[in-house]
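**Q** Using the sequences and the hints given, assemble the complete structure.
Protein chains: 2
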Amino acid sequence: MSQLDDQAFIHIAKYFQALAEPMRLKILNGLRDGEKNVTELVEISYGTQANVSKHLNLLRESKLIKRESRGTKAYYSIADQRIYELCNLVCGQIANQMSADAAANEAFIFTLQTNQ
Amino acid sequence: MSQLDDQAFIHIAKYFQALAEPMRLKILNGLRDGEKNVTELVEISYGTQANVSKHLNLLRESKLIKRESRGTKAYYSIADQRIYELCNLVCGQIANQMSADAAANEAFIFTLQTNQ
DNA sequence: TTCTTATATAACTATATACTCATGTATTAT
DNA sequence: ATAATACATGAGTATATAGTTATATAAGAA
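Residue numbers (the numbering used here), protein chains in the order written: chain A, 18 to 133; chain B, 18 to 133.
Honestly, the hints are just simulated from the structure, not real lab data. One thing to keep in mind: the hints can contain errors.
Each pair may be met inside one copy or between any two copies, as identical chains are not told apart.
With a straight-line Cα cutoff of 25 Å, these simulated PhoX-like cross-link-like pairs (lysine-lysine) come out [as the list claims (entries may be wrong)]:
#, residue 1, residue 2
1, Lys-71, Lys-90
2, Lys-31, Lys-80
3, Lys-31, Lys-71
4, Lys-53, Lys-71
5, Lys-90, Lys-31
6, Lys-83, Lys-71
7, Lys-53, Lys-90
8, Lys-90, Lys-80
9, Lys-83, Lys-53
10, Lys-53, Lys-80
All figures in this text were calculated on a predicted structure; none of them were measured in a lab.
**A** Below you can see the structure in the form of C-alpha cells.
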C-alpha cells in the first residue's frame, strides 16, 4: 500500500475521529437547526463551558463547523452544507426513535441506506 | 437531552470510533473484494500479526466484520452487506485519486453525495 | 508425539485525549 | 476606568488505546 494511501487513511481516520465522541455528536445535533452560540450549546449539551469550547475548537479544526464572532458571542454553525448528509445520518431523529438497548448501529446503517 | 439520547450518542460515537483508525481502514479496505485470512491482512496492511489480530477483534466486536474459522486459518469478511455503503465511502478508490496534501475530507464528502 | 503454521492474547509502554479547575482575553455596559 | 459577560486556553489528571514483545492455543503435518 502506497504512502499516498497511508496519508488518505490517516486523513479519513481523523475525520471519523472528530465524530467519535458523544459530546461532539450532541453539539453537531444541536446545530442542525442553525447556528448557536457557545452558551446555548453548553445548555443543550449539559457540558461545562470549557469542555464545550474545546470540542468546538476540535470540530472547527476538522472543518466540520465554522465560527463567527459577533459582539461578545461566538456563533457556530455547520461549516459545509454537504456535511448535512452526515449530520442527518448521525444526529437525526434516529436518536429519539431508538430504544435504549436497541443497537444504535442498526438505526444508523438503516438510515444510511434509506435517507440519502 | 434525555438519557435515551445520551445512550444513542454513545453508541454512534463507538461506531465511528471503530472507523477512526488508519490501520482498521486499511483492513476494511482489504476486505472489499471478499474474505481474507489474518496472514493475508497482515501482508496487505504491513502491520504486525499481533496488532492486526487486535484490530480484527475490535472490528468484530463493533459488528463491522465477522470471523469464520476454517482449519488453522481465520477468515474475516464484512459482517453486514449494508456496511458496504460505508466501506465504499471510506475505503474506495478515493484513496488512490487523492493527492497527498488534498483534503481527504473533500473527497470523502463528495463521494458521500454522489456515490449513493 | 513432535514440529510447524496460524492465530490469539497477556503484559507492558507510550501516546492521545476527555475532563476539570483556574485564569486569560475580548467586548460591551455603567 | 471598572465591572460584567462570553469565550478561550493552560495546567494537570485520568483513562483509553495503539503498538511491541513474548507467550499461549489450536490445527494439521511428519
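**Q** Against this structure, judge whether each hint is valid.
**A** Hint check:
1. Lys-71 with Lys-90: within (16 Å within a copy, 45 Å between copies)
2. Lys-31 with Lys-80: both (11 Å within a copy, 21 Å between copies)
3. Lys-31 with Lys-71: Classified as both; 16 Å inside a copy, 20 Å across copies.
4. Lys-53 with Lys-71: Close inside one copy (15 Å), not across copies (41 Å); limit 25 Å.
5. Lys-90 with Lys-31: For Lys-90 and Lys-31, neither the intra-copy (29 Å) nor the inter-copy (32 Å) Cα distance is at most 25 Å.
6. Lys-83 with Lys-71: within (14 Å within a copy, 37 Å between copies)
7. Lys-53 with Lys-90: within (10 Å within a copy, 53 Å between copies)
8. Lys-90 with Lys-80: Only inside one copy: Lys-90 and Lys-80 sit 20 Å apart there, 42 Å across copies, limit 25 Å.
9. Lys-83 with Lys-53: Result: close within a single copy only, 11 Å intra versus 42 Å inter.
10. Lys-53 with Lys-80: within (17 Å within a copy, 35 Å between copies)
Checked against the numbered hints above, the structure violates only hint 5.
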